[in-house]
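Enquirer: Numbered as in the numbering used here, the sequence shown ends at 187 without a single skipped number.
Simulated from the structure, these hints should not be mistaken for lab results. Please read these numbers as outputs of a predicted model, since none were measured by experiment. Fair warning: there could be bad hints in the mix.
Here are the simulated EDC-like pairs of lysine to aspartate or glutamate, each with C-alpha atoms no more than 16 Å apart in a straight line [stated by the list, open to error]: (1) 73 to 134; (2) 73 to 151; (3) 160 to 54.
Just the calculated beta-carbon pair ranges, DEER-fashion [as the list claims (entries may be wrong)]: (4) 78 to 100: 29 to 39 Å; (5) 47 to 134: 46 to 56 Å; (6) 187 to 167: 26 to 36 Å; (7) 152 to 23: 47 to 57 Å; (8) 139 to 177: 38 to 48 Å; (9) 152 to 99: 48 to 58 Å; (10) 149 to 75: 20 to 30 Å; (11) 54 to 184: 17 to 27 Å.
Beta carbons: idealized from backbone N, C-alpha and C, even for Gly.
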Amino acid sequence: MSTASEAQVLSKTLVHAIPIRIPLLVGLTTTSHFLFGNIASATLGLPTWFIDHPAELSAHQKVSGWSYFYKRGKAQYATSALISALSFGLIAYRTPKGLDIRNYAIVACSLASSIGLFTFTAMGSTNARLTELYNNQALVSAVPGGLEEAEAEGLLQKWKDLNAVRMTFAAGAWLAAVGAMVSVY
């Protein structure tokens, strides 16, 4: 048997002998939740509609809509990214070097971890300022077309653009998770 064949046999044996299937399934499921939930929200969801329809809604209405979905989504998406990263990290830790599943798990873990890191570093100030605009009701009495409305519109567009970048991390993690699954089945 060649080294590559031995590695594949070992890889398939490990998945069935060690409970790697559980974190693999959990990681794939939570990464799918993050990725496809965000894709649905970005293409069909109300947060995007709030941002993309400047004439129909005031800046206050848009920020209020964004805030509603942000408050509900941040806990579940943060949890999904964290569980994904931990699941793939566990697989990488428990699997011997040189196996495809380990390599895919390392990539998936890195990308899933990057979701949270990117959210805090690149999106944190935007999220905080939009939340502040919503909480202090500054836009309720804002002058139409004034500086506060322009700031809110700019922040919403920036958030949308940054969210698209963040989804690329999720897409990469998901593809790596699928690769891990395919490598052992």
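Enquirer: Decide, hint by hint, whether the structure agrees.
Expert: Status of the hints after comparison with the structure:
Of the supplied pair hints, the one linking residue 73 and residue 134 holds, its CA atoms being roughly 13 Å apart against a limit of 16 Å. A threshold of 16 Å between alpha carbons decides the hint, and for residue 73 with residue 151 the separation of about 21 Å lies outside it, so the pair is violated. A distance of roughly 12 Å separates the Cα atoms of residue 160 and residue 54; the hinted pair therefore holds under the 16 Å criterion. The hinted window of 29 to 39 Å between residue 78 and residue 100 holds, with their beta carbons roughly 36 Å apart.
Between residue 47 and residue 134 the Cβ separation comes to about 23 Å, which falls outside the hinted range of 46 to 56 Å. Remark: the range hint 26 to 36 Å for residue 187 to residue 167 is upheld by a beta-carbon distance near 32 Å. Look at residue 152 against residue 23: about 52 Å separates their beta carbons, and that is inside 47 to 57 Å. Between residue 139 and residue 177, the C-beta spacing of about 43 Å keeps the proposed range 38 to 48 Å intact.
A hinted range of 48 to 58 Å holds for the C-beta pair residue 152 and residue 99, which are about 54 Å apart. Distance hint check for residue 149 and residue 75: the Cβ-Cβ separation is about 28 Å, which falls inside the suggested range of 20 to 30 Å. For the pair residue 54 and residue 184, the supplied restraint of 17 to 27 Å is violated, since their beta-carbon distance comes to about 37 Å.
When the structure is compared with the earlier hints, violations turn up for hints 2, 5 and 11 and for no others.
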